[in-house]
Amino acid sequence: MRPAALATLLVLALVPLQAQTPAVKAGATGATKTPWGDPDLQGTWSNQTLTPLERPAQFKDKPVLTEAEAAAYEKQLVAAGDVDNRTPGTVQDVNLAYNQVWWDRGNKIVADRRTSLIVDPPDGRVPPLTPAAQKRREEDRKASDNEKSAASWLDFDVYSRCIIRSALPRLSTGYNNNYEIVQSPGYVAIMQEQMHETRLIPLGNQPHLTSTVRQWLGDSRGHWEGNTLVVETTNFTDEARGSTFQYATKNMTLVERFTRTSDRTIDYQFTVSDPDTWTRPWTVKMPWNRIDGLIYEYACHEGNLGLEHMLSAARAADRK
Amino acid sequence: MKLTHIAAIAALVLGMTAPAARAHHSFSAEFDVNKPIKLQGTVKRVQWINPHTWIWIDVKKPDGTTEEWGVEAGTPNTLFRLGLTREALPVGTEIVVSGYEARDGAKRANGRDMTFPDGRKLLMGSSVGNDAQSK
Chain Z
2 MRPAALATLL
12 VLALVPLQAQ
22 TPAVKAGATG
32 ATKTPWGDPD
42 LQGTWSNQTL
52 TPLERPAQFK
62 DKPVLTEAEA
72 AAYEKQLVAA
82 GDVDNRTPGT
92 VQDVNLAYNQ
102 VWWDRGNKIV
112 ADRRTSLIVD
122 PPDGRVPPLT
132 PAAQKRREED
142 RKASDNEKSA
152 ASWLDFDVYS
162 RCIIRSALPR
172 LSTGYNNNYE
182 IVQSPGYVAI
192 MQEQMHETRL
202 IPLGNQPHLT
212 STVRQWLGDS
222 RGHWEGNTLV
232 VETTNFTDEA
242 RGSTFQYATK
252 NMTLVERFTR
262 TSDRTIDYQF
272 TVSDPDTWTR
282 PWTVKMPWNR
292 IDGLIYEYAC
302 HEGNLGLEHM
312 LSAARAADRK
Chain W
6 MKLTHIAAIA
16 ALVLGMTAPA
26 ARAHHSFSAE
36 FDVNKPIKLQ
46 GTVKRVQWIN
56 PHTWIWIDVK
66 KPDGTTEEWG
76 VEAGTPNTLF
86 RLGLTREALP
96 VGTEIVVSGY
106 EARDGAKRAN
116 GRDMTFPDGR
126 KLLMGSSVGN
136 DAQSK
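Residue numbers (this note's numbering), protein chains in the order written: chain Z, 2 to 321; chain W, 6 to 140.
To be clear, the hints were calculated from the coordinates, so they are not data collected in a lab.
Incorrect hints may have been included.
Claimed, not checked - Taking lysine-lysine pairs in the DSS-like style, the calculated list, with each CA pair at most 25 Å apart, reads:
id, chain 1, residue 1, chain 2, residue 2
1, Z, K286, Z, K251
2, Z, K321, Z, K149
3, W, K49, W, K65
4, Z, K149, W, K40
5, Z, K76, Z, K61
6, W, K112, Z, K321
7, W, K66, W, K126
8, W, K40, W, K65
9, Z, K136, Z, K149
10, Z, K321, W, K40
11, W, K49, W, K112
12, Z, K76, W, K126
13, Z, K143, Z, K251
14, Z, K149, W, K112
15, Z, K286, Z, K34
16, Z, K63, Z, K286
17, Z, K321, Z, K76
18, W, K43, Z, K149
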């Protein structure tokens, strides 16, 4: 062996193994690795976006907007969401209930300028509901209308009761759309600011819990496919109003995919399937963007005066 | 075009595009849409609690006495990100609140619109910056 080649080998032997690994460069894809070699998804993120879940009728045959169209659409959405300038009495006005002080919806659509978060079916719409799911939707609407005369806290949904914000998966809502991901060998934890819940996701090939064990956030199992974290969640519960995703049953299966695509972005996709609810599975793609701030506590139970006030209002109505 | 037609079209357009407005709980189950109220008073204390901040103000009545009113506002996390901190709303600040009275008859209202007496809003816009990726 020539001296130069020997010297090269010696140098390589002295360099820590981790430094020799042809790591994916941060900056190009942002797909850095944790010290134990898993793709690094850690940080604080937001899934806030103005892009609607379903493609609006105005963009029926237009899945992607031009830059100019996107700018105009963003203006339209911001104006439509500006509750300070709403028309009294319209549905959007929500009985003049909440002004702009309440909301934090953002002012941008997704960067790839899609007109819906749904990417499959190709029409960007939630597949038709089965007759049973339509019935569940109707029942939920009636129950919601009946909150004014609620007899018990049990008449309210999981959100009003501060149990969970909503069933998984989470879409962008009016405020607090923030998440923190923390990883350790064998686990990924995702803390959701609203309602301050943490999903603890074991990695590997562990089986799901037995089907008789049902949980508000289901039972999640994760594994890596290249740089993508794939999480399958089952074992949901229908214990309370709003504890299943949209009008699905507790037997829905959720598959989520988290892929770090840049230093500041995770490409988040999910597919939900439940033959008792939708005529076919459907898939959403939306970015999680890094936020520079912290996640704050959202200890909903501590000051949930709203529930108390709604019940006292119902009792006051009874006395009339 | 009749005004009602314009309103109908506006409602249709908004219906297609406006984000769903759902706060932590049902507004109409807690407050009475038939009882609008306008309050002007000084901030007595602010409860920075989840899921809703409560701002308590002393309202001077025409007879010179004062009445304490509780005003429900947004979630503290959002208000903080928007810049409404303890320092921005100190005790003694005079504010004007338009909202609706509680259905149970208590001296509480929702804070639909909150301004300073000169009309300036407490907050403007959104906390969202323009992230290069998608915001």
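Going through the hints against the structure:
1. Z:K286 with Z:K251: With a Cα-Cα distance of about 23 Å, the restraint between Z:K286 and Z:K251 holds, given a limit of 25 Å.
2. Z:K321 with Z:K149: Roughly 14 Å between the alpha carbons, so the hint for Z:K321 and Z:K149 holds.
3. W:K49 with W:K65: holds (12 Å)
4. Z:K149 with W:K40: Answer holds: Z:K149 to W:K40 is near 16 Å, not above 25 Å.
5. Z:K76 with Z:K61: holds (19 Å)
6. W:K112 with Z:K321: Given pair W:K112, Z:K321 holds - Cα atoms ~18 Å apart, limit 25 Å.
7. W:K66 with W:K126: At roughly 24 Å apart (the allowed maximum being 25 Å), W:K126 and W:K66 satisfy the hint.
8. W:K40 with W:K65: Given that 25 Å is the threshold and the Cα spacing comes to 19 Å, the pair holds.
9. Z:K136 with Z:K149: Answer holds: Z:K136 to Z:K149 is near 22 Å, not above 25 Å.
10. Z:K321 with W:K40: Given pair Z:K321, W:K40 holds - Cα atoms ~16 Å apart, limit 25 Å.
11. W:K49 with W:K112: holds (14 Å)
12. Z:K76 with W:K126: Holds, because 21 Å separates the two Cα atoms, which is no more than 25 Å.
13. Z:K143 with Z:K251: Judged against 25 Å, a Cα distance of about 20 Å means the pair holds.
14. Z:K149 with W:K112: The hint holds at about 19 Å.
15. Z:K286 with Z:K34: Distance of about 23 Å is within 25 Å: holds.
16. Z:K63 with Z:K286: holds (17 Å)
17. Z:K321 with Z:K76: It is violated: about 46 Å lies between the C-alpha atoms, which goes past 25 Å.
18. W:K43 with Z:K149: Given that 25 Å is the threshold and the Cα spacing comes to 24 Å, the pair holds.
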